[in-house]
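Chain U is fixed; fit chain V onto it per the hints.
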Amino acid sequence: MKKIFSIATYTLRQNIRNRVYYILVFFAVILIFVYFILSVLGGEESLRIILDFGLATVEFFALLLIIFSGVSLILEEIESKTIYLVLVRPIPKWYYITGRYIGLVLSSYIGMIIMYLIHCAILFYKGWSFDINYLYAVISSFMKIAIIGSLAVFFSLFSTSSASSLVFTFFLWLLGHFTSEIKFLIKKAGTPLLKILLEIFYFIIPNLQYFNWRDFLGSGISSNWFFIAFFYGVSYSLIFLILSIILFNKKEF
Amino acid sequence: MIAIKTENLTKIYRRRHLGKLYKTVGVKNLSLEVQEGEIFGLLGLNGSGKTTTIKLILGLLFPTEGKISIFEKSFPDRNRLNLVGYLPEIPYFHKFLTGREVLRFYCNLSGVDKSTQEKRIDEILNLVNLFNDSNKRISEYSKGMMQRLAIAQSLLHNPPLLIFDELVSGLDPLGIREMRNFILSLKEKGKTVFFSSHLISEVERVCDRVGILHKGSLLKIVEQKDWQNKNLEEIFIETINTTQ
Chain U
1 MKKIFSIATY TLRQNIRNRV YYILVFFAVI LIFVYFILSV LGGEESLRII LDFGLATVEF
61 FALLLIIFSG VSLILEEIES KTIYLVLVRP IPKWYYITGR YIGLVLSSYI GMIIMYLIHC
121 AILFYKGWSF DINYLYAVIS SFMKIAIIGS LAVFFSLFST SSASSLVFTF FLWLLGHFTS
181 EIKFLIKKAG TPLLKILLEI FYFIIPNLQY FNWRDFLGSG ISSNWFFIAF FYGVSYSLIF
241 LILSIILFNK KEF
Chain V
1 MIAIKTENLT KIYRRRHLGK LYKTVGVKNL SLEVQEGEIF GLLGLNGSGK TTTIKLILGL
61 LFPTEGKISI FEKSFPDRNR LNLVGYLPEI PYFHKFLTGR EVLRFYCNLS GVDKSTQEKR
121 IDEILNLVNL FNDSNKRISE YSKGMMQRLA IAQSLLHNPP LLIFDELVSG LDPLGIREMR
181 NFILSLKEKG KTVFFSSHLI SEVERVCDRV GILHKGSLLK IVEQKDWQNK NLEEIFIETI
241 NTTQ
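As you go down the protein sequences, you meet chains U and V in turn. First residue of the first sequence? That's 1 in this note's numbering, and the numbers climb one at a time after it. First residue of the second sequence? That's 1 in this note's numbering, and the numbers climb one at a time after it.
Looking at chain U on its own, in the form it has when it is part of the complex (with noise of 0.2 Å):
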């Protein structure tokens, strides 16, 4: 446990010390004072205007962390042999993916918490009182970027370069944001093997959906919809996290 704490506190601190990890949090506060200046257009909708931009913001920038860190995070090492040397020690393989996966999205995560602390600062000082379906909302984000980072492990473990990588991450978050639009395309598939491989897919891209706290809040559709989001998102990255192991293990390097 100990050895992956310590792959994982180095993954953490590489992130930390890039000069990208860094800008992005920068970019991202920037935006959410211009939205603090914007939300003057909003009328009495000003506090709404801040809380629904700033949290879109801060998730965006959390996935471009997550995607740009996630993909390179294995590759690059392979590449520029860093991993030589963690190899010959004394670990099992599994160790590695691991701890390197808890220190990706750990410093995603202290990317994020910076960037929600601003967020409710500005909230606060436009008068907001704090409502628990902010941290819902929190805790949503975290799952989505905790499923994104398990993806983006696997395909840098997968393809041959960073950018098919990134190109196969993004794409699957984005598909994930229409789960319910491939539901519909299942009900309308003309013939039984179209109807098998849109099941599959539907299967295989992770349902972000469950984590559009927004959408089911107030629409009564299901009350502890928040526990299955988050065994979902647990689930989801663990399998992620093991196929990412299994593929490391039979690699050579």
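You may find that some hints are simply not true.
Stated by the list, open to error - Between beta-carbon pairs, the in silico distance windows are:
{"#": "1", "chain 1": "V", "residue 1": "S142", "chain 2": "U", "residue 2": "I23", "range": "25 to 33 Å"}
{"#": "2", "chain 1": "U", "residue 1": "A121", "chain 2": "V", "residue 2": "R15", "range": "39 to 47 Å"}
{"#": "3", "chain 1": "V", "residue 1": "N79", "chain 2": "U", "residue 2": "Y22", "range": "35 to 43 Å"}
{"#": "4", "chain 1": "V", "residue 1": "K143", "chain 2": "U", "residue 2": "S161", "range": "24 to 32 Å"}
{"#": "5", "chain 1": "U", "residue 1": "M1", "chain 2": "V", "residue 2": "K119", "range": "22 to 30 Å"}
{"#": "6", "chain 1": "U", "residue 1": "I113", "chain 2": "V", "residue 2": "N181", "range": "37 to 45 Å"}
To be verified - Derived pair list, reagent style DSBU-like, types lysine-lysine, alpha-carbon separation capped at 35 Å:
{"#": "7", "chain 1": "V", "residue 1": "K5", "chain 2": "U", "residue 2": "K81"}
{"#": "8", "chain 1": "V", "residue 1": "K5", "chain 2": "V", "residue 2": "K225"}
{"#": "9", "chain 1": "U", "residue 1": "K3", "chain 2": "U", "residue 2": "K250"}
{"#": "10", "chain 1": "U", "residue 1": "K2", "chain 2": "V", "residue 2": "K215"}
{"#": "11", "chain 1": "V", "residue 1": "K143", "chain 2": "V", "residue 2": "K114"}
{"#": "12", "chain 1": "V", "residue 1": "K73", "chain 2": "V", "residue 2": "K220"}
{"#": "13", "chain 1": "V", "residue 1": "K20", "chain 2": "U", "residue 2": "K2"}
{"#": "14", "chain 1": "V", "residue 1": "K67", "chain 2": "V", "residue 2": "K20"}
{"#": "15", "chain 1": "U", "residue 1": "K250", "chain 2": "V", "residue 2": "K67"}
{"#": "16", "chain 1": "V", "residue 1": "K95", "chain 2": "U", "residue 2": "K3"}
{"#": "17", "chain 1": "V", "residue 1": "K230", "chain 2": "U", "residue 2": "K81"}
{"#": "18", "chain 1": "V", "residue 1": "K215", "chain 2": "U", "residue 2": "K251"}
{"#": "19", "chain 1": "V", "residue 1": "K230", "chain 2": "U", "residue 2": "K251"}
{"#": "20", "chain 1": "U", "residue 1": "K195", "chain 2": "U", "residue 2": "K2"}
{"#": "21", "chain 1": "V", "residue 1": "K95", "chain 2": "V", "residue 2": "K225"}
{"#": "22", "chain 1": "V", "residue 1": "K5", "chain 2": "V", "residue 2": "K23"}
{"#": "23", "chain 1": "U", "residue 1": "K2", "chain 2": "V", "residue 2": "K187"}
{"#": "24", "chain 1": "U", "residue 1": "K2", "chain 2": "V", "residue 2": "K136"}
{"#": "25", "chain 1": "V", "residue 1": "K5", "chain 2": "U", "residue 2": "K251"}
{"#": "26", "chain 1": "U", "residue 1": "K81", "chain 2": "U", "residue 2": "K93"}
{"#": "27", "chain 1": "V", "residue 1": "K119", "chain 2": "U", "residue 2": "K3"}
{"#": "28", "chain 1": "V", "residue 1": "K225", "chain 2": "U", "residue 2": "K93"}
{"#": "29", "chain 1": "U", "residue 1": "K81", "chain 2": "V", "residue 2": "K114"}
{"#": "30", "chain 1": "U", "residue 1": "K93", "chain 2": "V", "residue 2": "K20"}
{"#": "31", "chain 1": "V", "residue 1": "K20", "chain 2": "V", "residue 2": "K114"}
As the list claims (entries may be wrong) - Far from chain V by the CB rule (all over 12 Å, computed), these chain U residues:
{"#": "32", "residue": "I7"}
{"#": "33", "residue": "Y10"}
{"#": "34", "residue": "T11"}
{"#": "35", "residue": "N15"}
{"#": "36", "residue": "G42"}
{"#": "37", "residue": "R48"}
{"#": "38", "residue": "F68"}
{"#": "39", "residue": "I91"}
{"#": "40", "residue": "Y96"}
Since the hints were derived computationally from the structure, they do not count as laboratory data. No experiment lies behind these values; they were computed from the predicted model shown. Built from N, CA and C at the ideal position, the CB exists for glycine as well.
Here is chain V on its own, set in the frame of chain U:
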């Protein structure tokens, strides 16, 4: 005790391109034994299979056939890697970390006791003359400093077996001399050293035995007494020529 033993070790690289399978021989039926406390050099031209052999011993590559044992226990057993220190041909470290941070990281992975870790790191940093630069980021290190840091990381956990790939590659004459003395000092401490090189003059000066590798096959094992009568370069060229 036998430090490294390979039996009929074979590695064939397979690569698919446009549906066609291409095979390249890395090493073929390589059988050798390296005794504990010995300095064994693997000599060969570029592409002869030296790095492949080292990677197979370290478990970075999987053998197509054959067996490897480290200190008479069969490999791959990742726990046995605790007995091995590895120095790559060109050392790569993460440039965002400082020299000390890198060593601390490898100490943790190698299971060096936390209570003695800092003392051990200081000891090693002094040994490789990097103590004053240990808090600098690696991006600020020169090539020589990187090489010294690489030596430091291979010795951290005090392994009885050291495996060095192309040891003196890219070093200046002073660096080569330092490295030669360093290897000889390891032998004095009873360590086993297994290294690859294509520099005959260096191998000749430090090794007890030398294996000549050519096109993936181990052609001959030469002992120190053999090259005292006849130049190692001549032996090497003669051996290579017999296969052509």
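Evaluation of the provided hints:
no., hint, in the structure
1, V:S142 <-> U:I23: 25 to 33 Å, "holds, 29 Å"
2, U:A121 <-> V:R15: 39 to 47 Å, "violated, 56 Å"
3, V:N79 <-> U:Y22: 35 to 43 Å, "holds, 40 Å"
4, V:K143 <-> U:S161: 24 to 32 Å, "holds, 28 Å"
5, U:M1 <-> V:K119: 22 to 30 Å, "holds, 24 Å"
6, U:I113 <-> V:N181: 37 to 45 Å, "violated, 52 Å"
7, V:K5 <-> U:K81, "holds, 26 Å"
8, V:K5 <-> V:K225, "holds, 23 Å"
9, U:K3 <-> U:K250, "holds, 21 Å"
10, U:K2 <-> V:K215, "violated, 43 Å"
11, V:K143 <-> V:K114, "holds, 30 Å"
12, V:K73 <-> V:K220, "holds, 25 Å"
13, V:K20 <-> U:K2, "violated, 45 Å"
14, V:K67 <-> V:K20, "holds, 29 Å"
15, U:K250 <-> V:K67, "holds, 18 Å"
16, V:K95 <-> U:K3, "holds, 21 Å"
17, V:K230 <-> U:K81, "violated, 39 Å"
18, V:K215 <-> U:K251, "holds, 24 Å"
19, V:K230 <-> U:K251, "violated, 44 Å"
20, U:K195 <-> U:K2, "violated, 47 Å"
21, V:K95 <-> V:K225, "violated, 45 Å"
22, V:K5 <-> V:K23, "holds, 26 Å"
23, U:K2 <-> V:K187, "holds, 33 Å"
24, U:K2 <-> V:K136, "holds, 26 Å"
25, V:K5 <-> U:K251, "holds, 24 Å"
26, U:K81 <-> U:K93, "holds, 16 Å"
27, V:K119 <-> U:K3, "holds, 20 Å"
28, V:K225 <-> U:K93, "violated, 43 Å"
29, U:K81 <-> V:K114, "holds, 27 Å"
30, U:K93 <-> V:K20, "holds, 31 Å"
31, V:K20 <-> V:K114, "violated, 52 Å"
32, I7, "violated, 8 Å"
33, Y10, "violated, 5 Å"
34, T11, "violated, 10 Å"
35, N15, "violated, 9 Å"
36, G42, "holds, 42 Å"
37, R48, "holds, 40 Å"
38, F68, "holds, 15 Å"
39, I91, "violated, 6 Å"
40, Y96, "violated, 9 Å"
Hint compliance for this structure: hints 2, 6, 10, 13, 17, 19, 20, 21, 28, 31, 32, 33, 34, 35, 39 and 40 are not met, and every other hint is.
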